[in-house]
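Asker: Chains A and B supply the protein sequences, listed in that same order.
Every letter in the first sequence is one number past the one before it in our numbering, and letter 7, counting from 1, is 34.
Every letter in the second sequence is one number past the one before it in our numbering, and letter 294, counting from 1, is 369.
Wrong hints could be hidden among the right ones.
Here are the simulated distance ranges between beta carbons [stated by the list, open to error]:
#  : chain 1 : residue 1 : chain 2 : residue 2 : range
1  : A       : D224      : B       : P97       : 39 to 49 Å
2  : B       : G127      : A       : M218      : 43 to 53 Å
3  : B       : H358      : A       : D88       : 50 to 60 Å
4  : B       : D307      : A       : Q258      : 52 to 62 Å
5  : B       : G127      : A       : E288      : 26 to 36 Å
6  : A       : K136      : B       : V230      : 57 to 67 Å
7  : B       : E162      : A       : H193      : 38 to 48 Å
8  : B       : A227      : A       : N80       : 37 to 47 Å
9  : A       : D224      : B       : A364      : 50 to 60 Å
10 : B       : V230      : A       : G231      : 50 to 60 Å
11 : A       : K136      : B       : K78       : 16 to 26 Å
12 : A       : E82       : B       : D263      : 54 to 64 Å
13 : A       : D243      : B       : I128      : 57 to 67 Å
14 : B       : A227      : A       : K34       : 46 to 56 Å
None of these hints come from the bench; they were simulated from the model.
Cβ atoms here follow ideal geometry from the backbone N, Cα and C, with glycine treated the same way.
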Amino acid sequence: MDATLKKQLQITATKVRMGIIEGVYNAKAGHPGGSLSIADTLTYLYMARMNVNPEDPTMADRDRLVLSKGHTAPALYACLAHRGFFPVEELKTLRKIDSRLQGHPVLGKIPGVDMSTGSLGQGVSAACGMALSGKISNETYKVYAILGDGEIQEGQVWESAMFAAHYQLDNLVFVVDNNNLQIDGAIGDVMSPYPIDEKFQAFGWHVITIDGHDFDAIEKAFNEAETIANQPTVIIQKSVKGKGVSYMENNVAWHGAAPNEEQYNIAMNELQAQLDELQK
Amino acid sequence: MEKKATRESYGEGLIQLAEVRPDLVVLDADLAAATKTGIFKKACPDKHFDCGIAEANMMGVAAGIASTGKLVFASSFAMFAAGRAFEIVRNSICYPKLNVKIGATHAGISVGEDGASHQCNEDIALMTALPNMTVINPADDVEAKAAVLAMADYVGPTYMRFGRLAVPVFNDAATYKFEVGKGIQLKDGKDITIIATGLMVAEAIEAGKALAEQGIDARIINIHTIKPIDRDIIIKAAKETGKIITVEEHSVIGGLGSAVANVVTEECPVPVIKIGVNDCFGHSGPAVALLKEFGLCAENIVNVTKAALGK
């Protein structure tokens, strides 16, 4: 990856993380852990990859992204705000009674959201429908779906995996955010979905495994996905739940909890320090 | 009178619909031969996609297709479309208000020999409870085809209920006009009103004739759209006839009877007597015999009506 672009993405991803903390802190509720683990990939997609236009958020040939792990809406909202779909200041309204930023993303409520999600295992099917529709009418757009690693315990995910391979949806990419933690603990302890790569392979997918916090690897993975014909691609990204905030990293307690004022200040100071370092 | 199952009308209606809506996509879940989307598949193979035995995914796929602007029908048996896939219909179709049409066949106990596992008597209750959802239950071939064609320019999530059993075609294709949300008065009457939906409308017509012979002047109304329901035609009937009998091949809980009762209790309280499946499961048997056993026939409508009038 071009060094300048990489630096820009690292800076934006840090700002996205600050947006996540800002939103969840002000809401006094939400899901920071999984939002922080997917922040780098979402930043890459919205800032460097996807054909989207904040001036025309519903343009027909736009690339689509379905946040199937809808509880990590704070990350999606922060990316959309930094991409220019709505003011960054609005992130502070997350989950408030008059806010457009619902606890889970809602189609039509806020520009840039391509599908309502929140009930796990459902967004993937909608993504399959978007991809199939594109094939039917020879559109060039791509469809991305972001899944949690706990989410893939839902049977509907595997129904959709079968469907996408059967209809050779090579315009579709799943990203499994493999941060290894779900509400009740480590995914391997709760209900192991491993081996994730072999499962998708067996379902007929092209599988790529990467470090979800390495922009070079992220770019390379999406480039590779573009070259795969007649087959959908899944990118399994090894990630750190809570990435970027020291006390949240790899701690399942931060799956669905908001920081108090002291914790908020620590998190924002840490992220500001990261930002300062990047902008030196 | 010619008899035809409304599921056949569904399959044929889709072919006509594709002529006015070339963007039509039809999904099925390994039941194309039974839901009759197979008829459509033959005519338009490139517009029909089988999703396999995976109704949850099919509903989500339909939502995704609809989000790109195409007109999409998702088909299965009522049990699986409304039952198994309920939460996907709620969260992926109704919540984002996507233009998905659900073609649900094999509704009610007239499924027959397959037995209670496949006899869905709860789908109207489930689907009418969902915000943004329209629920349509056509009575015969003419109405079913017209309802499917009406979807060319009716936007929004819609649940359409079709039957397996061949039933009388009583509407005249040349004059029939379908309008979403508009009930149809089939016969005027002053003594009592019989409101029926779906396959029970033909039985209600028969009952009306038998009652007339016995000197009872019953008004007969066909409610093909359970939601939004035609309040005006119901209130008018309540005011003018004072008593209502509802007839449906569905549970008496949450179906047509409940919808009619909701309207009259709010605006013109009169007795509403519900004929339907009385909070129980069906069982295997020939459809016509089952309908008779469960009181879903002209004979029982006549008896209940007479009892309601103290005759």
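Asker: A separate judgement is required for each hint: does it hold in the structure or not?
Answerer: Consistency of the hints with the structure:
no., hint, in the structure
1, A:D224 to B:P97: 39 to 49 Å, "holds, 41 Å"
2, B:G127 to A:M218: 43 to 53 Å, "violated, 24 Å"
3, B:H358 to A:D88: 50 to 60 Å, "holds, 54 Å"
4, B:D307 to A:Q258: 52 to 62 Å, "holds, 56 Å"
5, B:G127 to A:E288: 26 to 36 Å, "violated, 52 Å"
6, A:K136 to B:V230: 57 to 67 Å, "violated, 18 Å"
7, B:E162 to A:H193: 38 to 48 Å, "violated, 24 Å"
8, B:A227 to A:N80: 37 to 47 Å, "violated, 31 Å"
9, A:D224 to B:A364: 50 to 60 Å, "holds, 55 Å"
10, B:V230 to A:G231: 50 to 60 Å, "violated, 36 Å"
11, A:K136 to B:K78: 16 to 26 Å, "violated, 48 Å"
12, A:E82 to B:D263: 54 to 64 Å, "holds, 59 Å"
13, A:D243 to B:I128: 57 to 67 Å, "violated, 42 Å"
14, B:A227 to A:K34: 46 to 56 Å, "holds, 53 Å"
Checked against the numbered hints given earlier, the structure breaks hints 2, 5, 6, 7, 8, 10, 11, 13 and satisfies all the rest.
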